[in-house]
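Enquirer: Take a look at the letters that make up each chain.
Number of protein chains: 2
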Amino acid sequence: MSGACVGGLGYSASLGPISGLVLCPMAAASLVGLSSLSCGAGDRRFSSRRYCWNQKSCLKISASSSERLSQFAAEKFTPKVESLLDSVKWDSKGLAVAIAQNVDTGAILMQGFANREALALTIASQKATFYSRSRSSLWTKGETSMNFINVHDIFLDCDRDSIIYLGKPVGPTCHTGAETCYYSSVYDLLDEPESKQDQLASTTLYSLEATISQRKLEIDSLPNRKPSWTKKLFLDEQLLCSKVREEAGELVQTLLENEDKTRAASEMADLLYHAMVLLKLKDVKMEEVLEVLRKRFSQSGIEEKNSRKSPSK
Amino acid sequence: MSGACVGGLGYSASLGPISGLVLCPMAAASLVGLSSLSCGAGDRRFSSRRYCWNQKSCLKISASSSERLSQFAAEKFTPKVESLLDSVKWDSKGLAVAIAQNVDTGAILMQGFANREALALTIASQKATFYSRSRSSLWTKGETSMNFINVHDIFLDCDRDSIIYLGKPVGPTCHTGAETCYYSSVYDLLDEPESKQDQLASTTLYSLEATISQRKLEIDSLPNRKPSWTKKLFLDEQLLCSKVREEAGELVQTLLENEDKTRAASEMADLLYHAMVLLKLKDVKMEEVLEVLRKRFSQSGIEEKNSRKSPSK
Numbered sequence: 015m016s017g018a019c020v021g022g023l024g025y026s027a028s029l030g031p032i033s034g035l036v037l038c039p040m041a042a043a044s045l046v047g048l049s050s051l052s053c054g055a056g057d058r059r060f061s062s063r064r065y066c067w068n069q070k071s072c073l074k075i076s077a078s079s080s081e082r083l084s085q086f087a088a089e090k091f092t093p094k095v096e097s098l099l100d101s102v103k104w105d106s107k108g109l110a111v112a113i114a115q116n117v118d119t120g121a122i123l124m125q126g127f128a129n130r131e132a133l134a135l136t137i138a139s140q141k142a143t144f145y146s147r148s149r150s151s152l153w154t155k156g157e158t159s160m161n162f163i164n165v166h167d168i169f170l171d172c173d174r175d176s177i178i179y180l181g182k183p184v185g186p187t188c189h190t191g192a193e194t195c196y197y198s199s200v201y202d203l204l205d206e207p208e209s210k211q212d213q214l215a216s217t218t219l220y221s222l223e224a225t226i227s228q229r230k231l232e233i234d235s236l237p238n239r240k241p242s243w244t245k246k247l248f249l250d251e252q253l254l255c256s257k258v259r260e261e262a263g264e265l266v267q268t269l270l271e272n273e274d275k276t277r278a279a280s281e282m283a284d285l286l287y288h289a290m291v292l293l294k295l296k297d298v299k300m301e302e303v304l305e306v307l308r309k310r311f312s313q314s315g316i317e318e319k320n321s322r323k324s325p326s327k
Numbered sequence: 015m016s017g018a019c020v021g022g023l024g025y026s027a028s029l030g031p032i033s034g035l036v037l038c039p040m041a042a043a044s045l046v047g048l049s050s051l052s053c054g055a056g057d058r059r060f061s062s063r064r065y066c067w068n069q070k071s072c073l074k075i076s077a078s079s080s081e082r083l084s085q086f087a088a089e090k091f092t093p094k095v096e097s098l099l100d101s102v103k104w105d106s107k108g109l110a111v112a113i114a115q116n117v118d119t120g121a122i123l124m125q126g127f128a129n130r131e132a133l134a135l136t137i138a139s140q141k142a143t144f145y146s147r148s149r150s151s152l153w154t155k156g157e158t159s160m161n162f163i164n165v166h167d168i169f170l171d172c173d174r175d176s177i178i179y180l181g182k183p184v185g186p187t188c189h190t191g192a193e194t195c196y197y198s199s200v201y202d203l204l205d206e207p208e209s210k211q212d213q214l215a216s217t218t219l220y221s222l223e224a225t226i227s228q229r230k231l232e233i234d235s236l237p238n239r240k241p242s243w244t245k246k247l248f249l250d251e252q253l254l255c256s257k258v259r260e261e262a263g264e265l266v267q268t269l270l271e272n273e274d275k276t277r278a279a280s281e282m283a284d285l286l287y288h289a290m291v292l293l294k295l296k297d298v299k300m301e302e303v304l305e306v307l308r309k310r311f312s313q314s315g316i317e318e319k320n321s322r323k324s325p326s327k
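Keeping their order, the protein sequence lines are chains Z and H.
Mind the numbering: the first sequence is residues 15 to 327 in my numbering, read in order.
Mind the numbering: the second sequence is residues 15 to 327 in my numbering, read in order.
None of these hints come from the bench; they were simulated from the model.
Misleading hints may appear alongside valid ones.
[What the hints assert, rightly or not] Once the Cα atoms are required to be at most 30 angstroms apart in a straight line, the calculated DSSO-like pairs of lysine-lysine come out as:
#: 1; chain 1: Z; residue 1: Lys275; chain 2: H; residue 2: Lys107
#: 2; chain 1: H; residue 1: Lys103; chain 2: Z; residue 2: Lys182
#: 3; chain 1: H; residue 1: Lys94; chain 2: Z; residue 2: Lys309
#: 4; chain 1: H; residue 1: Lys309; chain 2: Z; residue 2: Lys296
#: 5; chain 1: Z; residue 1: Lys182; chain 2: H; residue 2: Lys275
#: 6; chain 1: H; residue 1: Lys309; chain 2: Z; residue 2: Lys294
#: 7; chain 1: H; residue 1: Lys296; chain 2: Z; residue 2: Lys275
#: 8; chain 1: Z; residue 1: Lys182; chain 2: Z; residue 2: Lys296
#: 9; chain 1: H; residue 1: Lys103; chain 2: Z; residue 2: Lys294
#: 10; chain 1: H; residue 1: Lys309; chain 2: Z; residue 2: Lys230
#: 11; chain 1: Z; residue 1: Lys294; chain 2: H; residue 2: Lys182
#: 12; chain 1: Z; residue 1: Lys182; chain 2: H; residue 2: Lys94
#: 13; chain 1: Z; residue 1: Lys103; chain 2: H; residue 2: Lys103
#: 14; chain 1: Z; residue 1: Lys230; chain 2: H; residue 2: Lys275
#: 15; chain 1: Z; residue 1: Lys107; chain 2: H; residue 2: Lys294
#: 16; chain 1: Z; residue 1: Lys294; chain 2: H; residue 2: Lys299
#: 17; chain 1: Z; residue 1: Lys230; chain 2: H; residue 2: Lys182
#: 18; chain 1: H; residue 1: Lys240; chain 2: Z; residue 2: Lys299
#: 19; chain 1: Z; residue 1: Lys294; chain 2: H; residue 2: Lys296
#: 20; chain 1: Z; residue 1: Lys309; chain 2: H; residue 2: Lys299
#: 21; chain 1: H; residue 1: Lys296; chain 2: Z; residue 2: Lys299
#: 22; chain 1: H; residue 1: Lys246; chain 2: Z; residue 2: Lys309
#: 23; chain 1: Z; residue 1: Lys294; chain 2: H; residue 2: Lys294
#: 24; chain 1: H; residue 1: Lys182; chain 2: Z; residue 2: Lys103
#: 25; chain 1: H; residue 1: Lys296; chain 2: Z; residue 2: Lys309
#: 26; chain 1: Z; residue 1: Lys299; chain 2: H; residue 2: Lys275
#: 27; chain 1: H; residue 1: Lys309; chain 2: H; residue 2: Lys296
[Unchecked claim] Covered by chain Z, according to a simulated footprint, are these stretches of chain H (three or more residues, beta-carbon under 8 angstroms):
#: 28; segment: 105–115
#: 29; segment: 259–269
Just so you know, even glycine gets a beta-carbon here, dropped at the ideal spot from N, CA and C.
Use the sequences and the hints to build the structure in full.
Expert: Right, dumping it as structure tokens:
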């Protein structure tokens with residue numbers, strides 16, 4: 015692969031010693047064109063976390079210029095990255111486990127392996143990049159499908175032999191079209207080996223969201239089934255609205271009346287659940303809500319409020 | 015290790031062919047004593063997800079009897095598990111990547127490797143168990159520290175060569191005492207290599223929670239710093255309470271007045287943020303709220319409501 019542009023994204027993989035990092039002009043332009051390297055507010059996370067190494071370099075790299083990107087990689091970025099790459103405990107094959115995780119939902123999207131070059135390229139391009147053991151080559155997730163994972167941060171574990179690419183997926187991550195690659199529950203497989211009903215590995219908030227969605231489907235498909243509180247809320251918007259207001263009031267009461275923290279957690283759970291039923295009626299996913307919150311990170315609440323256009327806010 | 019009870023938890027690791035699964039009586043009793051194998055409502059997740067293979071087996075295993083556990087493992091469990099283990103694509107060393115994830119927060123706790131025996135034992139014991147490459151032996155996370163990871167579900171990826179242990183950690187997972195093993199941000203390291211300020215890899219909701227906590231700390235430690243909306247809310251409980259009520263009302267309004275879904279996502283973000291500021295004043299973490307929701311999974315909302323003791327609900 016030395017020196018040639020390879021892969022769907024067409025970057026050079028000849029990063030051997032990282033000082034040799036060369037991004038083909040076409041590839042660099044593609045990367046910048048995909049805005050993976052921009053430093054707009056939307057790409058930052060809460061508080062002081064940075065996605066560029068300093069404001070100057072950040073501005074440089076956000077310009078749509080392959081020349082500038084190469085310059086950035088070669089001059090600004092390389093020495094520190096080399097040192098960091100040296101600190102990773104690569105295994106006997108020069109690899110470390112790399113896990114891609116959705117920055118908003120926490121869903122584990124996929125797991126692959128990274129070598130020095132894959133990690134270096136991910137740091138530089140902010141596209142999750144792996145080393146394919148079967149093809150013995152680098153590959154950027156999405157280079158064929160365009161379903162990139164835009165990396166917002168990268169973490170190393172305590173032993174420095176495991177990596178998290180914390181990012182936002184563009185479309186489904188799995189080659190099967192599933193949102194993530196983890197959709198086979200061992201306990202489901204043991205219970206019903208023939209079952210074709212895939213269920214994504216999901217954490218509490220998203221399991222709840224899936225259950226709420228299921229209840230909505232059942233209203234039409236299984237009208238005679240045992241009624242549930244969720245279905246009742248779906249069928250009576252006035253009840254739902256009054257419950258959301260009521261639960262907010264009860265949460266507030268835990269503060270005003272100095273109720274215990276167990277009560278506060280319980281009231282917040284009530285509020286969250288009822289609000290999520292309402293969101294389902296509006297066809298809004300929790301992931302969209304979290305995306306809104308993430309995009310507000312880079313401003314103070316006061317600045318954010320002042321910047322709103324609506325006079326009612 | 016053949017046949018002997020090993021490790022802090024003292025189970026036998028002689029699982030060679032899985033039909034040889036033997037749990038030492040002492041170990042089995044310990045496991046049951048730790049209630050990892052109970053099937054109470056609190057251990058289940060939403061909807062139809064199961065933690066036992068069928069209700070009968072589940073009841074069997076929840077009894078505090080090592081004999082029954084061994085019987086369950088040997089008679090009921092083994093043939094299906096063998097077939098499942100055969101379907102995993104173990105690498106040339108007989109290993110697959112195993113990632114432990116917090117079922118409530120989605121945080122990736124740690125990553126290790128599993129062999130057939132480690133996965134079989136995790137399935138049976140519901141304690142995250144790995145194969146240590148350095149020690150060439152099985153180890154259950156927590157067997158020394160007692161910081162077990164109680165596994166609620168296990169997922170395989172599309173290629174069947176990567177595993178998620180979705181579970182609830184008992185205490186910090188990292189041997190350093192950190193909540194997870196991932197606390198070194200590559201971009202932080204590149205920016206300030208000497209920085210000792212560890213920051214956990216956290217997704218949007220928990221980054222927001224950390225920012226809110228930071229603002230609260232700053233009220234005392236940095237009183238002259240630029241005020242933020244969050245700080246203002248902390249200092250004025252009446253304002254905070256009226257904002258929580260107001261945002262709930264605005265979320266409701268998006269449904270009643272048929273506002274667009276972008277508006278609904280934005281109002282939910284507002285509500286969530288203000289409610290989280292209130293939770294901080296009550297010293298309640300979002301993880302505790304999610305735990306409450308998870309523990310309500312196994313009941314319908316109506317049953318759950320009817321089961322409450324408080325007459326006000």
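Enquirer: Hint by hint, say whether it matches the structure.
Expert: Status of the hints after comparison with the structure:
1. Lys275(Z) to Lys107(H): 49 angstroms, violated
2. Lys103(H) to Lys182(Z): Holds, at about 28 angstroms.
3. Lys94(H) to Lys309(Z): 47 angstroms, violated
4. Lys309(H) to Lys296(Z): Since the Cα atoms of Lys309(H) and Lys296(Z) sit roughly 26 angstroms apart, the hinted pair holds (cutoff 30 angstroms).
5. Lys182(Z) to Lys275(H): Holds - the C-alpha atoms of Lys275(H) and Lys182(Z) are around 21 angstroms apart, at most 30 angstroms.
6. Lys309(H) to Lys294(Z): 22 angstroms, holds
7. Lys296(H) to Lys275(Z): 6 angstroms, holds
8. Lys182(Z) to Lys296(Z): 23 angstroms, holds
9. Lys103(H) to Lys294(Z): 38 angstroms, violated
10. Lys309(H) to Lys230(Z): OK: Lys309(H) and Lys230(Z) at ~21 angstroms, within 30 angstroms.
11. Lys294(Z) to Lys182(H): 27 angstroms, holds
12. Lys182(Z) to Lys94(H): Violated, because 37 angstroms separates the two Cα atoms, which is more than 30 angstroms.
13. Lys103(Z) to Lys103(H): Cα-Cα ~25 angstroms, so holds.
14. Lys230(Z) to Lys275(H): Holds, at roughly 18 angstroms.
15. Lys107(Z) to Lys294(H): 46 angstroms, violated
16. Lys294(Z) to Lys299(H): Status holds; Cα separation ~25 angstroms.
17. Lys230(Z) to Lys182(H): 29 angstroms, holds
18. Lys240(H) to Lys299(Z): Given pair Lys240(H), Lys299(Z) is violated - Cα atoms ~34 angstroms apart, limit 30 angstroms.
19. Lys294(Z) to Lys296(H): Status holds; Cα separation ~29 angstroms.
20. Lys309(Z) to Lys299(H): Within the cut-off at roughly 22 angstroms; holds.
21. Lys296(H) to Lys299(Z): At roughly 27 angstroms apart (the allowed maximum being 30 angstroms), Lys299(Z) and Lys296(H) satisfy the hint.
22. Lys246(H) to Lys309(Z): 21 angstroms, holds
23. Lys294(Z) to Lys294(H): 27 angstroms, holds
24. Lys182(H) to Lys103(Z): Status holds; Cα separation ~28 angstroms.
25. Lys296(H) to Lys309(Z): 26 angstroms, holds
26. Lys299(Z) to Lys275(H): 10 angstroms, holds
27. Lys309(H) to Lys296(H): 21 angstroms, holds
28. 105–115: holds (count 3)
29. 259–269: That given contact holds, which follows from 8 residues of the segment 259–269 of chain H lying within Cβ reach (below 8 angstroms) of chain Z.
Violated hints, in rising order: 1, 3, 9, 12, 15, 18; the structure is consistent with all others.
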